[in-house]
Amino acid sequence: MAATTIGGVAAQEKPLLDIKWLTFAFAIYTVFYVWVRWYEGVYGWSAGLDSFAPEFETYWMNFLYIEIVLEIVTASLLWGYIWKTRDRNLAAITPREELRRNFTHLIWLFAYAWAIYWGASYFTEQDGTWHQTIVRDTDFTPSHIIEFYLSYPIYIITGFGAFLYAKTRLPFWSQGLSLPYLITVVGPFMILPNVGLNEWGHTFWFMEELFVAPLHYGFVFFGWLALAILGVVLQVASSFNNLIGKQICEAVDQGLISK
Amino acid sequence: MSALQSAVRSHAEAVKVSRTVDYILLFVVFFVVVGSYHIHAMLTMGDWDFWVDWKDRRLWVTVVPIVLITFPAALQSVLWERFRLPWGATVAVLGLLLGEWINRYFNFWGWTYFPINLVFPSQIVPGAIILDTVLLLSGSYLFTAIVGAMGWGLIFYPGNWPVIAPFHVPVEYNGMLLSVADLQGYNYVRTGTPEYIRMVEKGTLRTFGKDVAPVSAFFSAFMSILIYFIWHFVGRWFGSVKFIQQS
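Keeping their order, the protein sequence lines are chains U and R. Read left to right, the first sequence gives residues 2 to 260 (the numbering used here). Read left to right, the second sequence gives residues 1057 to 1303 (the numbering used here).
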């Protein structure tokens, strides 16, 4: 996958889209988060109600410490690996290999989208219902430990992984820094630092839960920035267009595909 | 890259490649929109959307269409303009509804046991179909902003009425007149969301009481026009294909 292209010779007969990696990208988040949902389903009620109890330390604070360490290690290894194994001779890439890497990049984007779903939709609104059921006695409630410090870092790590893959493997994306791509990954990343503002406000402000409180608008703004995926999609289309656009036009002319 | 070499070996393979790209990009756009639209929705109109006793005639009717027309407008401005795909608004609301339903079912009900008929989300598909078809048929963003967004705002309450009407049947509960929706809010205790937080119509001395819903809907429709207009440009900006620091 990551080898420097030498003289245009690349492994020719690998599939264009590796279904196994696509399946892996889908399954790894799904299986992991379903396990997380089970864990909080059980230990939210049995150990997560009183943060001053010793079992909270065991089942929830230890969860927090472990996940933070694992996230830092994973991000360092993953981003480091992608960068160190960058293609240093992109000019020699064959069109076939470039097409294959475009598909691998799509798998990365697929993983990012799936990770964003779990973080921004599933665990965020889930935190909503926990807030409305339990009056919090810590900033590190069970659903915060999952939402803010597990699901957000995971989509951030995935997002920058996707960005780095494109930048280091694909000629189209290596021509500079894609503005929409940067916004797509940096915007949702900023949701994590914004937790600082949010928790600071909540420590002396709102004990009750009003979701539309202005204190939360930072999340809204950074959520908007994920819409730059629209620009990324246009760029993905351009990247593919360079490789198969001519054949697609001919296929349309021949009636193989409708307009 | 050599111009003589081809990335694909046949036209059939090119077609297959383009179809595979379709599926994956659909997934990507859909779930990124689910995530970001849901965050936006939750924190701008979520409180009205969570509970049937917040779904009133004044605030809910006004707020929800105004804040929710944003992402549909942005998606339309790229998907129609660049691909002539006429489902920008509908894909956004389908994404939001999927995200909301999974949460209401598996978390509001599944984790904290609120009944689904207290926490079902607002219905927003009819307005999205209006937006998409108006843009498809007219091909004009200006026309869609005025007529489409007007329809989006106006259809919202009628589109929800068949769902919420059964909860507005009056009951006498311990000597007080309540709607069934009020009673649900009273019965299913929301520890973190006490009653005084609830922003619903309470009447004023300067208002007429009878036609609050249609008047609110018209105001919401008018505001939706402005928001559509603005977010159409926001969408164009997000659809940028610029590179910075060209190497």
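Any given hint could be a false lead.
Below 25 Å or equal to it, Euclidean Cα-Cα: the simulated BS3-like pairs (lysine-lysine) are [stated by the list, open to error]:
{"id": "1", "chain 1": "U", "residue 1": "Lys247", "chain 2": "R", "residue 2": "Lys1298"}
{"id": "2", "chain 1": "R", "residue 1": "Lys1266", "chain 2": "U", "residue 2": "Lys168"}
{"id": "3", "chain 1": "U", "residue 1": "Lys15", "chain 2": "R", "residue 2": "Lys1072"}
{"id": "4", "chain 1": "U", "residue 1": "Lys168", "chain 2": "U", "residue 2": "Lys85"}
{"id": "5", "chain 1": "U", "residue 1": "Lys85", "chain 2": "U", "residue 2": "Lys247"}
{"id": "6", "chain 1": "U", "residue 1": "Lys15", "chain 2": "U", "residue 2": "Lys247"}
{"id": "7", "chain 1": "U", "residue 1": "Lys247", "chain 2": "R", "residue 2": "Lys1258"}
{"id": "8", "chain 1": "U", "residue 1": "Lys247", "chain 2": "U", "residue 2": "Lys21"}
{"id": "9", "chain 1": "U", "residue 1": "Lys21", "chain 2": "R", "residue 2": "Lys1298"}
{"id": "10", "chain 1": "U", "residue 1": "Lys85", "chain 2": "U", "residue 2": "Lys15"}
Each pair of labels, with its calculated beta carbon distance range [as the list claims (entries may be wrong)]:
{"id": "11", "chain 1": "R", "residue 1": "Tyr1252", "chain 2": "U", "residue 2": "Asp140", "range": "23 to 31 Å"}
{"id": "12", "chain 1": "U", "residue 1": "Thr31", "chain 2": "R", "residue 2": "Ser1196", "range": "52 to 60 Å"}
{"id": "13", "chain 1": "U", "residue 1": "Gly197", "chain 2": "R", "residue 2": "Leu1261", "range": "38 to 46 Å"}
Where chain R lies over chain U, by a calculated footprint (3+ residues, C-beta under 8 Å) [what the hints assert, rightly or not]:
{"id": "14", "region": "133-147"}
{"id": "15", "region": "162-172"}
It should be emphasised that the hints constitute simulated quantities derived from the structure, not laboratory data. Heads up, the beta-carbon is just placed ideally off N, CA and C, and yes, glycines get one too.
Hints versus structure:
| no. | hint | verdict |
| --- | --- | --- |
| 1 | Lys247(U) <-> Lys1298(R) | holds (23 Å) |
| 2 | Lys1266(R) <-> Lys168(U) | violated (60 Å) |
| 3 | Lys15(U) <-> Lys1072(R) | holds (16 Å) |
| 4 | Lys168(U) <-> Lys85(U) | holds (12 Å) |
| 5 | Lys85(U) <-> Lys247(U) | violated (34 Å) |
| 6 | Lys15(U) <-> Lys247(U) | holds (23 Å) |
| 7 | Lys247(U) <-> Lys1258(R) | violated (63 Å) |
| 8 | Lys247(U) <-> Lys21(U) | violated (29 Å) |
| 9 | Lys21(U) <-> Lys1298(R) | violated (33 Å) |
| 10 | Lys85(U) <-> Lys15(U) | holds (23 Å) |
| 11 | Tyr1252(R) <-> Asp140(U): 23 to 31 Å | holds (24 Å) |
| 12 | Thr31(U) <-> Ser1196(R): 52 to 60 Å | violated (42 Å) |
| 13 | Gly197(U) <-> Leu1261(R): 38 to 46 Å | holds (44 Å) |
| 14 | 133-147 | holds (count 5) |
| 15 | 162-172 | violated (count 1) |
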